[in-house]
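Full structure from sequences and hints, please.
Protein chains: 4
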Amino acid sequence: MYSTMIEPRVSETDALGHINNTVIPVWLEASRHPIFKLFMPELSFQNWKLVVVHTTTNYTKEIFFGHEVEIKTSVKKIGKTSFQLNEEVWQNGSRCVDSIVTYVNFDLKNKRKEPIPPNIRIELEKHQLEIGSP
Amino acid sequence: MYSTMIEPRVSETDALGHINNTVIPVWLEASRHPIFKLFMPELSFQNWKLVVVHTTTNYTKEIFFGHEVEIKTSVKKIGKTSFQLNEEVWQNGSRCVDSIVTYVNFDLKNKRKEPIPPNIRIELEKHQLEIGSP
Amino acid sequence: MYSTMIEPRVSETDALGHINNTVIPVWLEASRHPIFKLFMPELSFQNWKLVVVHTTTNYTKEIFFGHEVEIKTSVKKIGKTSFQLNEEVWQNGSRCVDSIVTYVNFDLKNKRKEPIPPNIRIELEKHQLEIGSP
Amino acid sequence: MYSTMIEPRVSETDALGHINNTVIPVWLEASRHPIFKLFMPELSFQNWKLVVVHTTTNYTKEIFFGHEVEIKTSVKKIGKTSFQLNEEVWQNGSRCVDSIVTYVNFDLKNKRKEPIPPNIRIELEKHQLEIGSP
Chain D
212 MYSTMIEPRV SETDALGHIN NTVIPVWLEA SRHPIFKLFM PELSFQNWKL
262 VVVHTTTNYT KEIFFGHEVE IKTSVKKIGK TSFQLNEEVW QNGSRCVDSI
312 VTYVNFDLKN KRKEPIPPNI RIELEKHQLE IGSP
Chain L
212 MYSTMIEPRV SETDALGHIN NTVIPVWLEA SRHPIFKLFM PELSFQNWKL
262 VVVHTTTNYT KEIFFGHEVE IKTSVKKIGK TSFQLNEEVW QNGSRCVDSI
312 VTYVNFDLKN KRKEPIPPNI RIELEKHQLE IGSP
Chain U
212 MYSTMIEPRV SETDALGHIN NTVIPVWLEA SRHPIFKLFM PELSFQNWKL
262 VVVHTTTNYT KEIFFGHEVE IKTSVKKIGK TSFQLNEEVW QNGSRCVDSI
312 VTYVNFDLKN KRKEPIPPNI RIELEKHQLE IGSP
Chain Z
212 MYSTMIEPRV SETDALGHIN NTVIPVWLEA SRHPIFKLFM PELSFQNWKL
262 VVVHTTTNYT KEIFFGHEVE IKTSVKKIGK TSFQLNEEVW QNGSRCVDSI
312 VTYVNFDLKN KRKEPIPPNI RIELEKHQLE IGSP
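Residue numbers (the numbering used here), protein chains in the order written: chain D, 212 to 345; chain L, 212 to 345; chain U, 212 to 345; chain Z, 212 to 345.
It cannot be assumed that every hint is accurate.
Below, a list of computed lysine-lysine pairs in the DSSO-like style, where the Cα atoms sit at most 27 angstroms apart [what the hints assert, rightly or not]:
1. Lys260/U x Lys288/Z
2. Lys272/D x Lys320/L
3. Lys272/U x Lys260/U
4. Lys337/D x Lys248/D
5. Lys272/U x Lys320/U
6. Lys260/D x Lys287/D
7. Lys322/L x Lys272/L
8. Lys272/U x Lys272/Z
9. Lys291/Z x Lys324/Z
10. Lys248/L x Lys272/D
11. Lys324/L x Lys248/L
12. Lys287/L x Lys272/D
13. Lys320/D x Lys322/L
14. Lys324/D x Lys324/L
15. Lys248/U x Lys283/U
16. Lys248/U x Lys272/L
17. Lys272/L x Lys291/L
18. Lys260/L x Lys320/Z
19. Lys288/L x Lys322/L
20. Lys272/L x Lys272/D
21. Lys288/U x Lys320/D
22. Lys324/L x Lys272/D
23. Lys272/U x Lys322/Z
24. Lys260/D x Lys320/D
Here are the computed distance ranges between Cβ atoms for each label pair [as the list claims (entries may be wrong)]:
25. Asn303/U x Val264/D: 38 to 48 angstroms
26. Pro328/L x Pro252/U: 50 to 60 angstroms
27. Glu253/D x Asp309/L: 25 to 35 angstroms
28. Lys287/D x Asp309/L: 42 to 52 angstroms
29. Lys272/U x Lys324/L: 52 to 62 angstroms
30. Gly290/U x Glu334/L: 52 to 62 angstroms
31. Glu281/Z x Asp309/D: 47 to 57 angstroms
32. Lys320/D x Pro245/U: 24 to 34 angstroms
33. Lys320/Z x Asn258/L: 13 to 23 angstroms
34. Lys337/Z x Glu334/L: 27 to 37 angstroms
Everything labelled a hint here was simulated from the structure, so no lab data went into it. Ideal Cβ placement from N, Cα and C applies to all residues, glycine included.
Below you can see the structure in the form of structure tokens.
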């Protein structure tokens with residue numbers, strides 16, 4: 212599991228007094244840097260490989276300004292050219308949001324899917340959800 | 212069906228040259244104003260009723276700066292206290308993103324679900340996806 | 212003068228119940244599309260020319276969700292390689308924000324300033340603030 | 212001086228390959244939390260006191276994704292009801308942006324300015340720019 216701490220910003224709240232729901236995808240993307248580094252060690256956009264193709268997200272608890280948030284990221288599934296991440300947003304001991312994102316290893320220049328290289332696959336497997344884990 | 216035109220902003224692009232995926236939820240929320248007005252005719256946050264509880268989204272085509280985007284919003288399902296919207300993002304004649312969002316009619320002050328009032332239900336039904344529509 | 216209408220978004224409010232101050236630069240940039248088109252008629256990022264070098268902004272009145280906003284943009288000054296825009300944000304008949312931004316005509320690839328071409332200068336002059344105008 | 216480290220996000224880049232200029236005010240606000248805590252120790256929006264009335268900002272160097280950013284915040288001036296912060300954005304040893312923001316100690320409920328309390332003034336003075344400092 213990867214863990215990323217995020218400090219909510221005033222600009223991320225909305226007039227209902229909590230963090231606006233549209234901020235969650237921003238935080239989730241910000242917590243995928245270790246994943247991005249596996250595919251693009253230099254984090255260079257010239258050779259960027261990863262494209263989001265699907266997300267499914269449950270919002271179960273409000274998130275507030277003034278308390279740090281932890282994003283817990285695990286690998287859920289690894290396919291031939293794609294993989295899924297399980298992402299959770301925690302605040303004050305409660306899971307507030309859980310989400311699954313599907314990425315494709317995509318060559319943006321040549322517009323085609325590419326197999327996930329074996330060495331990256333091994334790294335991803337290290338962060339895979341264990342069977343029987345909650 | 213509701214239709215909302217949106218002009219992509221430079222600040223909504225990312226270094227990959229297209230609209231960043233985290234912008235989509237912002238646009239979708241921006242295109243729900245007619246729905247918000249059904250529940251809160253004054254658009255007042257004091258008596259705000261609607262909370263997002265679930266989203267599921269497919270990203271099928273890149274979206275670019277410089278060309279207007281149309282958001283097409285239909286009602287997919289109406290439950291006792293919740294409803295689902297079907298939302299699509301179109302650009303240059305292509306459907307680029309499709310998404311389903313589930314809202315609960317939620318009294319934020321008293322923290323409890325409330326039945327969707329009959330007059331709002333009638334309005335929502337007018338925008339419901341027709342059976343057999345693509 | 213250029214005029215751009217903007218519909219404030221829920222995600223642009225903050226927990227103080229108004230539009231967050233960090234949203235203003237986003238709106239101002241969004242209202243510069245006619246200026247961008249003068250320099251880059253195709254709005255292509257490949258040959259983008261304009262870089263912000265300075266802004267100065269007064270926030271005099273709160274802006275709220277639920278009421279459209281008008282951005283009024285005039286040319287304040289045209290130099291050899293740079294120009295200034297005067298930008299105002301109006302809501303409900305009141306000027307809420309006024310701002311001056313300085314852009315340089317900058318070749319991002321070769322990292323050098325370029326003179327403003329005469330035909331663009333003529334276009335900019337058409338939108339220049341008149342002497343004696345408020 | 213206050214120092215805040217910020218990790219740039221993919222969603223904060225734009226199609227020109229760098230951090231979009233509209234992100235700077237977001238980062239600057241995010242780095243004012245220690246100032247906000249002086250005025251609102253609970254960081255509660257119910258009794259929020261501070262309102263931005265003026266900003267002036269120089270953009271001197273591009274900022275990129277993939278390298279941490281440091282925001283250096285000092286107190287520039289303390290008036291009766293207002294104060295100014297000097298804010299700088301540094302990346303890879305270069306100052307990329309410098310900005311001055313003016314805040315008013317403003318009672319949002321009663322819509323009136325309030326004197327800065329003596330104990331807060333003492334705290335602000337501790338972070339004041341030294342005479343002769345660059």
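Checked hints:
{"no.": "1", "hint": "Lys260/U x Lys288/Z", "result": "37 angstroms, violated"}
{"no.": "2", "hint": "Lys272/D x Lys320/L", "result": "14 angstroms, holds"}
{"no.": "3", "hint": "Lys272/U x Lys260/U", "result": "33 angstroms, violated"}
{"no.": "4", "hint": "Lys337/D x Lys248/D", "result": "15 angstroms, holds"}
{"no.": "5", "hint": "Lys272/U x Lys320/U", "result": "40 angstroms, violated"}
{"no.": "6", "hint": "Lys260/D x Lys287/D", "result": "19 angstroms, holds"}
{"no.": "7", "hint": "Lys322/L x Lys272/L", "result": "39 angstroms, violated"}
{"no.": "8", "hint": "Lys272/U x Lys272/Z", "result": "31 angstroms, violated"}
{"no.": "9", "hint": "Lys291/Z x Lys324/Z", "result": "10 angstroms, holds"}
{"no.": "10", "hint": "Lys248/L x Lys272/D", "result": "24 angstroms, holds"}
{"no.": "11", "hint": "Lys324/L x Lys248/L", "result": "19 angstroms, holds"}
{"no.": "12", "hint": "Lys287/L x Lys272/D", "result": "24 angstroms, holds"}
{"no.": "13", "hint": "Lys320/D x Lys322/L", "result": "49 angstroms, violated"}
{"no.": "14", "hint": "Lys324/D x Lys324/L", "result": "44 angstroms, violated"}
{"no.": "15", "hint": "Lys248/U x Lys283/U", "result": "17 angstroms, holds"}
{"no.": "16", "hint": "Lys248/U x Lys272/L", "result": "25 angstroms, holds"}
{"no.": "17", "hint": "Lys272/L x Lys291/L", "result": "35 angstroms, violated"}
{"no.": "18", "hint": "Lys260/L x Lys320/Z", "result": "24 angstroms, holds"}
{"no.": "19", "hint": "Lys288/L x Lys322/L", "result": "23 angstroms, holds"}
{"no.": "20", "hint": "Lys272/L x Lys272/D", "result": "31 angstroms, violated"}
{"no.": "21", "hint": "Lys288/U x Lys320/D", "result": "41 angstroms, violated"}
{"no.": "22", "hint": "Lys324/L x Lys272/D", "result": "14 angstroms, holds"}
{"no.": "23", "hint": "Lys272/U x Lys322/Z", "result": "11 angstroms, holds"}
{"no.": "24", "hint": "Lys260/D x Lys320/D", "result": "9 angstroms, holds"}
{"no.": "25", "hint": "Asn303/U x Val264/D: 38 to 48 angstroms", "result": "43 angstroms, holds"}
{"no.": "26", "hint": "Pro328/L x Pro252/U: 50 to 60 angstroms", "result": "51 angstroms, holds"}
{"no.": "27", "hint": "Glu253/D x Asp309/L: 25 to 35 angstroms", "result": "34 angstroms, holds"}
{"no.": "28", "hint": "Lys287/D x Asp309/L: 42 to 52 angstroms", "result": "22 angstroms, violated"}
{"no.": "29", "hint": "Lys272/U x Lys324/L: 52 to 62 angstroms", "result": "37 angstroms, violated"}
{"no.": "30", "hint": "Gly290/U x Glu334/L: 52 to 62 angstroms", "result": "55 angstroms, holds"}
{"no.": "31", "hint": "Glu281/Z x Asp309/D: 47 to 57 angstroms", "result": "33 angstroms, violated"}
{"no.": "32", "hint": "Lys320/D x Pro245/U: 24 to 34 angstroms", "result": "32 angstroms, holds"}
{"no.": "33", "hint": "Lys320/Z x Asn258/L: 13 to 23 angstroms", "result": "19 angstroms, holds"}
{"no.": "34", "hint": "Lys337/Z x Glu334/L: 27 to 37 angstroms", "result": "58 angstroms, violated"}
Comparing the model with each numbered hint stated earlier shows that hints 1, 3, 5, 7, 8, 13, 14, 17, 20, 21, 28, 29, 31 and 34 do not hold.
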